[in-house]
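Quick mapping for you: the protein sequence lines, in order, are chains P and Z. Each residue of the first sequence is one higher than the one before, starting from 6 at the first, in the numbering used here. Each residue of the second sequence is one higher than the one before, starting from 6 at the first, in the numbering used here.
There could be a bad hint or two in this list.
A pair holds if it fits inside one copy or across any two, identical chains being indistinguishable in the list.
[What the hints assert, rightly or not] Capping the alpha-carbon separation at 27 Å, the derived lysine-lysine pairs in DSS-like fashion look like this:
# : residue 1 : residue 2
1 : K255      : K79
2 : K9        : K261
3 : K9        : K180
4 : K181      : K47
5 : K79       : K9
Bear in mind the hints are in silico, worked out from the structure with no lab data behind them.
Protein chains: 2
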Amino acid sequence: MSQKGTQSIQFEEAPYIISSASVVGKKEGEGPLGGLFDMVGKDDLFGEDTWEEAESTLQKEAATLAVGKAGIAKEEIRYIFGGDLLGQSIATTFGLMELNIPLFGLYGACSTAGESLSLAAMTVAAGFGDQVLAVTSSHFASAEKQFRFPLEYANQRPLSATWTVTGSGAFVLGKKRSKARITGVTTGKVVDFGIKDSMNMGAAMAPAACATIYQNLIDFDRSPDDYDKIITGDLGYVGQEILIKLLREKGFDISKQHMDCGIEIYDSKTQDTHSGGSGCGCSAVTLSASFLPQLEKGTLHRILFVPTGALLSTVSFHEGQSVPGIAHGVVIEHA
Amino acid sequence: MSQKGTQSIQFEEAPYIISSASVVGKKEGEGPLGGLFDMVGKDDLFGEDTWEEAESTLQKEAATLAVGKAGIAKEEIRYIFGGDLLGQSIATTFGLMELNIPLFGLYGACSTAGESLSLAAMTVAAGFGDQVLAVTSSHFASAEKQFRFPLEYANQRPLSATWTVTGSGAFVLGKKRSKARITGVTTGKVVDFGIKDSMNMGAAMAPAACATIYQNLIDFDRSPDDYDKIITGDLGYVGQEILIKLLREKGFDISKQHMDCGIEIYDSKTQDTHSGGSGCGCSAVTLSASFLPQLEKGTLHRILFVPTGALLSTVSFHEGQSVPGIAHGVVIEHA
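All chains should be modelled from the sequences, with the hints used to inform the complete structure.
Shown next, in the form of structure tokens:
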């Protein structure tokens, strides 16, 4: 039986992460992980005319690189699970169109990297596809235009604000043996703590991360020590503090294991990124460039990867709705 | 082996559609299918203050009704696959939050009903969930505000325009025997014919519907006569004509079998809906209220249900991008 507890799956034949690729913008290339990414853009337009087309190009490049690294033709990819942050997921539509592969479009805000890896792993494990691609992206400029203000407005950002990562991460999952595999998933629920500040996404997402991590530990009957790292997507410094506190109240101390992709990707002291990085691309490129190679080498043995999403739009925000969160957990192990 | 051809799955143990529910607005209630829906709103606000909250309420009501009809508690639903047309899928977030069930958020424009049924069926067939819910919605007023003009602007609509259905359809899939089951799926690719008219979605989506139907017939080695009906989502009168022509050019005549939910749901002569209905809700409520009961009775034996989506946002449209389409095919049979 592959269902585990109330919200998790443990794969009997765990799918492998055959390859992955990360493509990022200039600022991400200048950050602490800069040397690890597969491709760093000279500017953030990637040769295109608009920020949205630039984001589409990020996805296309990451997907093409990942498929190339897997040593297969794109026709051998059965499905793509893809998403981004933009309204009606246009970065994904226009980015992945040319690949000509059946597409399941996803939306889970910045948790989409976890959602896409979960569904791709489920699809491979069930035998519905031998190779499946999971792709997500975000772009600082297209996201600012979508959610906040156009860059030209030059608005001030509070210290709790995060900086949307310009980047796309792509992962080829399959049955072919590699050095890392997805052994389980814990799918998140929408969690609403009534946060109404669109400039403090960390606080909005921390309760969802807490709920998913807690349920993962319960469903798999594990303690935080069973993971080398528990890695959230983009809580940033503000959200990290809240997450650790909330999980302590529920009886688990993850302060030793916890890392956050949003904290890792920038040097907040020199890069003026305030609370940290965010966006679907943030967790995807950090997993691909930093954590996955450590899992493949065996310097990490088992991680819980938990991309976190803040579920809002400008419409919901302006209508006075709160900002609920969602987080999808993926257990990845050295193989 | 459950993989079939290049884009399809044939389920070895086909999941059942245990129950379904449809909730619609006033205009849909006055249409030819009016008497068949489970719930018709007195006005289109459903007791809420905004159109977006009204759409969320549609989802909540449809989901709750479907779960109730299945005779199970909501805690017995393992996952929801849900989506809508609004930026960042806010109708889904706020509509399904209170159900407190793990959520996979989807975006496939008006094809989302097919995408959600496909992934729900795959999840049940793989043993990852005993009961899984697929929910989608659209709302005329929230969609006009999102994609075109606020209602207060009272713009003129060309005859090729469709009318977004106010409605939500929900389906509980599971292993428990019922009178209808999903025996296969054909997942669509993004297809771009370069259409740039956001008031002619039928023309934008017809090539995608053609591609998916063609591939379904090839993958399953079937002719159109192997289906009692081939039912697209919301091509309308304009798209229907194009679809039949395109498939004829590829060697298949579906003129006898073809129906379109967008054509069925309104009386275009008296309801001023021009080319027909559209939206994620259009195909979902028409399947739930009209076609599924016929499959359960056995007056229909096997249908190919093909919700169709137009992949655009106001940003992509204003930046001069084309409107690509996508269509997801679901084979549903009397059991």
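Okay, the hints, checked on the actual structure:
Taking the shortest Cα distances, K255 and K79 sit within 27 Å of each other only across copies (25 Å), while inside one copy they are farther apart (45 Å). In this homomeric assembly, K9 and K261 come within 27 Å of each other (Cα to Cα) only inside a single copy, at 26 Å, whereas the closest approach across copies is 47 Å. Taking the closest pair of Cα atoms, K9 and K180 come within 27 Å of each other both inside a single copy (22 Å) and across two copies (18 Å). Taking identical chains as interchangeable, the C-alpha atoms of K181 and K47 are never at most 27 Å apart, the minima being 35 Å within one chain and 56 Å between chains.
In the homo-oligomer, the alpha carbons of K79 and K9 lie at most 27 Å apart only across protomers (18 Å), although the nearest pairing inside one protomer, at 33 Å, exceeds that limit.
Going through the hint list in order, the structure does not satisfy hint 4, though it satisfies all others.
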